[in-house]
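Asker: Sequence:
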Amino acid sequence: MQWRNLYRGFFMGISDLIPGVSGGRIAFILGIYDELLASISGFFSRNWKKHIGFLLPLGIGIGITILLFSKVIEYLLKNQPAPTQYFFMGLVVGVLPFITKQAGVKRNFTWQHFIVILLVGGALASLAFIKPQDTAVITSLTASNAIGLFFAGWAGSIAMLLPGISGSFILLVLGVYSTAIGALSNFNLPIIAVIGAGIIVGFIVSNKAISYLLKHFKYIMFAVIIGLIVGSLFVIYPGIPESGTPFVMSVIAFFTGLVVANMFSSQSKTSIVNK
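Reminder that position 209 of the sequence shown reads as 231 in this note's numbering, one-by-one numbering, no gaps.
Since the hints were made in silico from the structure, they are not lab data.
Here the structure is a predicted model, which means the values were calculated and not measured.
Mixed in with the good hints there might be a few duds.
[To be verified] Once the Cα atoms are required to be at most 27 Å apart in a straight line, the calculated DSS-like pairs of lysine-lysine come out as:
| no. | residue 1 | residue 2 |
| --- | --- | --- |
| 1 | Lys240 | Lys230 |
| 2 | Lys93 | Lys230 |
| 3 | Lys93 | Lys237 |
| 4 | Lys123 | Lys230 |
| 5 | Lys128 | Lys240 |
| 6 | Lys72 | Lys240 |
| 7 | Lys240 | Lys93 |
[What the hints assert, rightly or not] Ranges between beta-carbon positions, derived for each pair:
| no. | residue 1 | residue 2 | range |
| --- | --- | --- | --- |
| 8 | Ile262 | Gly126 | 32 to 40 Å |
| 9 | Tyr97 | Tyr29 | 41 to 49 Å |
| 10 | Val227 | Thr278 | 15 to 23 Å |
We treat Cβ as the ideally placed atom computed from N, Cα and C, and that holds for glycine.
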């Protein structure tokens, strides 16, 4: 068992609670992204025992963290939104130098790659102007809302696997983020189970497609990821905070995010795709 994955799962679990911050991005910062994709794919094969030692501690860390910190994240986003979002922005900006270095942008990118960055970044940034419909928090299941929550989890899982867009943000756009956070905070097992099932099925189906694209279209995928990360800044950006304490706290939070991202990036020994 790779028990050090418990702490990695901790950081991935925190990020998976936050709209705009990708668990896949945290895995990338920690240098386990390509191993994560390989282990998820391998777990659903005849060689599943080979990968359980990597995935089980990671899953335990993610699960415990999500359950413990869902109330904390809910409180921070509600009561200290600006400093919290600026911390997330620091994380995003801090990882960009590492990713561009891994991609070898100066050496491997052509004008087509930069067009992809602009298109993807612009498309994601435009989501900042989408106002999710005010939907009621779902606390009990019916046949219709169960189907909707299942496919919302599926859509979120695709984003979780990409180190650029947040699964939580997808849930927010789909209008079920409050339902998911409420279910976690109150330990509503039926709601958690339905969304979780969608996420698991999404992992099984989407993982192979993402792995294929990363293997055969490596630098295009790098361009897509960079575009997603740049575009997510517009999604996370909460506006200029009020002067005084909120402004000072936001500045400190932003630079703290930079430091944390650089700390993890400096520890990463692998690229997004080693093949």
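Asker: Hints first: check each against the structure and report whether it holds.
Answerer: Hints versus structure:
Between Lys240 and Lys230 the alpha-carbon distance is near 14 Å, which keeps this suggested pair within the 27 Å criterion. Restraint check for Lys93 and Lys230: the C-alpha separation of about 33 Å exceeds 27 Å, so the hint is violated. Proximity of Lys93 to Lys237 is assessed by CA-CA distance (about 38 Å); at most 27 Å being required, the pair is judged violated. Proposed proximity of Lys123 and Lys230 is supported: the alpha carbons are some 25 Å apart, at most 27 Å.
In summary, the hint linking Lys128 to Lys240 is supported, as the alpha carbons are separated by about 15 Å, within the 27 Å threshold. Proposed proximity of Lys72 and Lys240 is supported: the alpha carbons are some 26 Å apart, at most 27 Å. The hinted pair formed by Lys240 and Lys93 fails the criterion: a straight-line CA distance of about 38 Å is larger than 27 Å. A beta carbon spacing of about 35 Å between Ile262 and Gly126 agrees with the range 32 to 40 Å that was offered as a hint.
Under the hint 41 to 49 Å, the C-beta atoms of Tyr97 and Tyr29, about 23 Å apart, miss the expected range. The beta-carbon spacing between Val227 and Thr278, approximately 37 Å, falls outside the hinted interval of 15 to 23 Å.
The structure fails hints 2, 3, 7, 9 and 10 (numbered hints given earlier, in ascending order).
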